[in-house]
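2 protein chains.
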Amino acid sequence: MAPPSVLTPRALDFPRWYQEVVAKAELAEGGPVRGTMVVRPYGYAIWERIQAELDRRIKALGAKNAYFPLLIPESFLRREAEHVEGFSPELAVVTHGGGKALEEPVVIRPTSETVINASFARWIQSHRDLPLMVNQWANVVRWELRPRLFLRTTEFLWHEAHTAHASAEEAAALARRVVRQVYQDLCEEILGIPVLVGRKTQRERFAGASATWTCEAMMGDGKALQMATSHELGQNFAKVFDITFSDESGERQLVWQTSWGASTRLMGALVMAHGDDAGLRLPPPVAPVQVVVLVARAGEGVAEAAHQLTQDLERAGVRAQLDDRPEPSFGRRVVDWELKGVPLRVELGPRDLAEGRAVVVRRDQAGKASLPLGQLAREVPALLDQVHQGLRAAAAEHLAGRTRRVEDLAGVLAAAREGFAAVPLDALGDEGEAALNAEGVTVRLV
Amino acid sequence: MAPPSVLTPRALDFPRWYQEVVAKAELAEGGPVRGTMVVRPYGYAIWERIQAELDRRIKALGAKNAYFPLLIPESFLRREAEHVEGFSPELAVVTHGGGKALEEPVVIRPTSETVINASFARWIQSHRDLPLMVNQWANVVRWELRPRLFLRTTEFLWHEAHTAHASAEEAAALARRVVRQVYQDLCEEILGIPVLVGRKTQRERFAGASATWTCEAMMGDGKALQMATSHELGQNFAKVFDITFSDESGERQLVWQTSWGASTRLMGALVMAHGDDAGLRLPPPVAPVQVVVLVARAGEGVAEAAHQLTQDLERAGVRAQLDDRPEPSFGRRVVDWELKGVPLRVELGPRDLAEGRAVVVRRDQAGKASLPLGQLAREVPALLDQVHQGLRAAAAEHLAGRTRRVEDLAGVLAAAREGFAAVPLDALGDEGEAALNAEGVTVRLV
Ligand SMILES: [Zn+2]
Ligand SMILES: [Zn+2]
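If you're matching them up, the sequences are chains W and E in order. The numbering used here puts the last residue of the first sequence at 446; the count rises by one with no breaks. The numbering used here puts the last residue of the second sequence at 446; the count rises by one with no breaks.
Here chain W stands alone, though its shape is the one from the complex (with noise of 0.2 Å):
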């Protein structure tokens, strides 16, 4: 029996569909005021754990973590010029506070890039204080006209890594070290998303920066998402705002800077890469339920022995929930499960506990397996790991089949309609990025 349909196909009209996942999986809703969001429980609880994933990775690079104020004055962002232009028509202005108006109007940070900056200046005054590495997480503001929750909104919660170093090497190497540790690590072994890692081009990248490194991975429409950049900034910044250092021989230099992010727009990408037409498919590491217990009919001693395996399941560490509903009906029920992406569902009703068994459903594959109950709560850990490399692969298997190699611009729209293209470089240039622009295509690294 199909299930019965709750959602658009994602052929028929891809950003619908996500809207529609979104929403029913209860992930998140617009707020009051347009463009803005809440992120709803089950939702929030998936960006901790990417959070907390991301978290220690950018601590074991050696960064702490620190927290810089919502509000910036207006002047502050004029001493970056490049930088006010590219935000100036995103930004959100506070004109009143305390009741009356301000002498100087603030803004709500767009990054917090100059605050930072001008903390650094303060903060390092010898090569003893070098390098300085430091995080925040923290909510952004940039209005937003077209917004679609967690890919573009007008207030996002991202990380923001900011890094000073006394030469220019080490500052490199760590915006390529980022790219690799923190970023890719966490697409493909937490996330299950296999990412492209490269360079931008001109055309493309951060405004402030010398290079930027991006993450880009296929969506299930065939299109690219940026999954968050490193920017080897050089001394753009430092010049700006003077941050200096005195070297081993009492010079002042001026040190050398990287920067880093990644948002709640993963949360979008993980809605968008492993989603199918029956809703979420979430990657064990990240999922709030990894395994929901469904007593799928009631009948003697069933609900116990549900209340019993969901408990095996907790204390073998695997985040188990049991559902033992009257009503809704157990078909509902398990649309609703899998709506939510919970990676595996174990049904259990009065001849599956006559025969000793249970029966077991993957989220990343069709069909059904019926085993001893006696062995569940030893073998789910292993099957929540097939059903993460089940999901990796067939993400991976999805990019390698719409990735095309082609030689000329022309390839290059041809392929770009369907997925990605891979073209020579000098086949490129300057110029045809500007004709593959034109066409709506981005070239998206290097």
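A couple of the hints might just be wrong.
One copy or two, either will do: identical chains are not told apart, so a pair holds if it fits within one copy or between any two.
[Said to hold, decoys possible] Cross-link-like lysine-lysine pairs, in silico, BS3-like; alpha carbons within 27 Å at most: (1) Lys59 with Lys24; (2) Lys368 with Lys223; (3) Lys64 with Lys24; (4) Lys239 with Lys368.
Hints listed in this document are in silico derivations from the structure and should not be mistaken for laboratory results.
Since chain W is already given, all that's left is putting chain E with the ligands on it; use the hints.
Coordinates of chain E with the ligands only, in the frame set by chain W:
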């Protein structure tokens, strides 16, 4: 040899001492917009530990984290008139976004009360949706004209939890459980700060609450600081936001609610409750560095032995840091680590090494001990526990020594000059409370 005095003595000017500790221990500094705060890496590392301990306790009660928008339409606050009366002069108002004037100004959340309740009204339909328990970690803004870092800042970090229940009894029981199991437990077991738990008088409690529970602690100057509060809200917000559920018999009923929160003010409490004239004294559970291993004087094998000891301590699960810097001087480095409140200091020089011993100094008491090097890693966890108990006992003794049982208003006024007064409720009454307020004395709890 007494260390050079780097701080104003507490007895001379307690507020100034506080300001100096916060700056010199590198906990925080003012941001570019008046009243805002940069929490520096060392301060933030302490806050992260407080946050993790709170988060664990909040989740143990069954609450789930979520995230609600920073920006709130002005009209939302007007829905809850009493609320806006209380906040209006404190609000930061955004009038421009997306490069133009907004049709309706939006405010930066002073709390998320209104947005969360608006969500509750949508999310709660049936008794099966109850209890609903949601917590948020976020920044809030309340314009502050007389800012003090951590204690009163225009922007601060906090958690606020909101819950909805089917019965008054269940809501009231939760509000009381929170003040004991979340806040009192955190303050006493983790922060080592004994607290008095009780209800606020009608004069002192939150306008929207039918009862407010509080944890009050005594600071080093004998003054009280409110550590956290938990409110029984009755159906006040449920009426305003129309938060109803259908009960077992299908009737619509208003929910019963609670809300509770604690903020970065806890950082200020930590400084003021335990600090001494040499600086911070950190309870080991929240100390970013629990043991510093200092090379007192260079010499054959000393640096290697110090390095080895640091590794052994880390392997024993201790947060240890090696300080083998050739400069600044040993004395200056000792003063620095004392300022930063590191619970244990191990000093190692050539003579100690020759004897196979090291000097151990506890931050909570005067005097030094010499211990065999080989035993240190094994003994440090117990020593850290002794420091924790030592700080806690000192705070408890301070509280007991400065609290006087008195019988009348005159007694209260006399006692309040030195510390706390405990007075029979019937000797006070609302008129007595008004008289005390006129003298600058507040009734902290009943
Ligand atoms: Zn040097
Ligand atoms: Zn019922």
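Hint check:
no.	hint	verdict
1	Lys59 with Lys24	between (35 Å within a copy, 24 Å between copies)
2	Lys368 with Lys223	neither (32 Å within a copy, 66 Å between copies)
3	Lys64 with Lys24	between (37 Å within a copy, 18 Å between copies)
4	Lys239 with Lys368	neither (62 Å within a copy, 48 Å between copies)
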